[in-house]
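Undergrad: Spelled out, the chains give:
There are 2 protein chains.
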Amino acid sequence: MTAVAVFSFDKLVIFGVGLIGGSLARALREYGEHGDAAGLRQVIGVGRSSASSKRAVELGVIDGAAALQDDDALRDALSGADFVLLAAPVAQTQPLLERIAPYLDAGTIVTDAGSTKSDVVEAARAALGTRIAQFVPGHPIAGREASGVDAALPDLYVNRNVVLCPLPENAPAAVERVAAMWRATGGCVREMTCEQHDRVLASVSHLPHVLSFALVEQILASPDAALKFSFAAGGFRDFTRIAASSPEMWRDICVANRAALLDELDAYTAVLARLRSAIEAGDGATLEAVFARSREARSEWQERRVAGATPGDVST
Amino acid sequence: MTAVAVFSFDKLVIFGVGLIGGSLARALREYGEHGDAAGLRQVIGVGRSSASSKRAVELGVIDGAAALQDDDALRDALSGADFVLLAAPVAQTQPLLERIAPYLDAGTIVTDAGSTKSDVVEAARAALGTRIAQFVPGHPIAGREASGVDAALPDLYVNRNVVLCPLPENAPAAVERVAAMWRATGGCVREMTCEQHDRVLASVSHLPHVLSFALVEQILASPDAALKFSFAAGGFRDFTRIAASSPEMWRDICVANRAALLDELDAYTAVLARLRSAIEAGDGATLEAVFARSREARSEWQERRVAGATPGDVST
Chain V
1 MTAVAVFSFD KLVIFGVGLI GGSLARALRE YGEHGDAAGL RQVIGVGRSS
51 ASSKRAVELG VIDGAAALQD DDALRDALSG ADFVLLAAPV AQTQPLLERI
101 APYLDAGTIV TDAGSTKSDV VEAARAALGT RIAQFVPGHP IAGREASGVD
151 AALPDLYVNR NVVLCPLPEN APAAVERVAA MWRATGGCVR EMTCEQHDRV
201 LASVSHLPHV LSFALVEQIL ASPDAALKFS FAAGGFRDFT RIAASSPEMW
251 RDICVANRAA LLDELDAYTA VLARLRSAIE AGDGATLEAV FARSREARSE
301 WQERRVAGAT PGDVST
Chain C
1 MTAVAVFSFD KLVIFGVGLI GGSLARALRE YGEHGDAAGL RQVIGVGRSS
51 ASSKRAVELG VIDGAAALQD DDALRDALSG ADFVLLAAPV AQTQPLLERI
101 APYLDAGTIV TDAGSTKSDV VEAARAALGT RIAQFVPGHP IAGREASGVD
151 AALPDLYVNR NVVLCPLPEN APAAVERVAA MWRATGGCVR EMTCEQHDRV
201 LASVSHLPHV LSFALVEQIL ASPDAALKFS FAAGGFRDFT RIAASSPEMW
251 RDICVANRAA LLDELDAYTA VLARLRSAIE AGDGATLEAV FARSREARSE
301 WQERRVAGAT PGDVST
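Going line by line, the protein sequences match chains V and C. Using the working numbering, the first residue of the first sequence is number 1, and each one after it goes up by one. Using the working numbering, the first residue of the second sequence is number 1, and each one after it goes up by one.
With the rest of the complex left out, here is chain V:
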């Protein structure tokens, strides 16, 4: 036994084998081949669509599939599982956990990959009741524009932040086992509270998505939309790249994280109002000061990112 757990377990069950779940499976399989651990004996995928499960088996991402609707298959899948990963849209957390609960072994650890955490924990408490200690909330901050199991990559999580938000009820050993699993994928595991997570992600991810969708919506609603789009160039392209994201996923995130998102949106609107006043007044000095400050911060961020510096201590 060592102080830091090494990833080693036999059976992983993934609910929703798409980009996120599929990439975890592929990463852990590679780790099993090259790492010190015995690795993974079996990965089972559970989903609603038999076509996508079949594809995941074909690609060798999972060893077998179970239909969520099938009681016996679900019981077999969950029997003796070391880990369960929920990788479905966050709004499905509660119904999924209610479906899983009757078949969940006492020794199984459940974790998730949802983009919001306070609402997921609330859903998990409602579904699992006194067994909430088995649920360790998580969020790997990684993605691609492509989705689905065909887009899954074994190195999707390398050098990416993976946030864990341990609950007071979680045993430290359970949290450490989840951390070891993500470290085995190359991820950089960081702990914070659900509230911290939701505030931080609202700021640097959820708000920019809303702002980007809003720009395209505003242009669309204008009388000369076609002319405007025909002159849009590189700045527009980058600013709106995230407006090509999944409407369903972002609808769920906005609703799930609404409190933190509204705080950030209101703070942003206040900054915009200040800039509006400066533009109207022709106050070049204020505009230049804000733009220069932003450019410097953005450039420093980019340099740290390129340098691959270890992210700072979250407790500060």
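Hints in this document: simulated from the structure, not taken from any laboratory. Bear in mind the structure is a predicted one, so any value in this text is a computation, not a measurement. No false leads were mixed into what you were given.
Listed below are several chain V residues computed to face chain C (Cβ distance under 7 angstroms; list not exhaustive):
id, residue
1, I141
2, L211
3, K228
4, A233
5, A243
6, A244
7, A292
8, S294
9, R295
10, S299
Yeah, the Cβ is synthetic: ideal placement off N, Cα and C, and Gly gets one too.
Add chain C to chain V, keeping to what the hints say.
TA: Relative to the frame of chain V, chain C by itself:
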């Protein structure tokens, strides 16, 4: 003589030999080597900094340089010039043209590369008075993150939109000569009014820059800025790429194009307010509808861009 002028002239004088002016010079030199026309005999750069002029000569971008402050050198530079290009920040248009006016031959055509047009035309009218017919306003919509003459590329304008905003005073032949020059660089020349240009660019370029600067400013002003930056990922990176742009240039653009920019900013703020209400109400249907509409429009835009389709008729 043909109906469409072929690019052919002897002497070009560029005020501000950086990325934009330098790329025009390099493009026209290549055209002279490979095209049907006799090409360019001489390119003279005029600027405040002798270091950057020297660098432009070293790189072979210009044949000679004149200091803006030197009356004799400026007279020599402008004597017999076919074209003058202003490629300095838009706020310098009026002082530059006032400096040029005493030495300007009657046959010289002056054009510019400014990101705003109504204010540039106002400045040109103030500086040139009854000689305004010699000034054909233009704006090549191209750029790179890097700036300065070292970043100049001969193919910067290939397949890029170049807007000309002819004045009632301009002779059609003068406009056509400017158009021929930009076509020789590979640009796609399109005519519109100054008001159309400023409204369109406010929407698809100036507003996104303000929104991007504002996001970085808002995060910076929050108590947990360092934590937030440390979790910023790919979405933030793309959304804020344009926040690394020149503060001076964007200060000038915001002030110069304030009327059109405020219109777009107010329309945008109204869209944000609608989205805020939907988020607060947990109105997933409205959010999903807006996001889906935006995604579709953004995807269509991207497909047209990749296909390299000819931009639509600006008169519609």
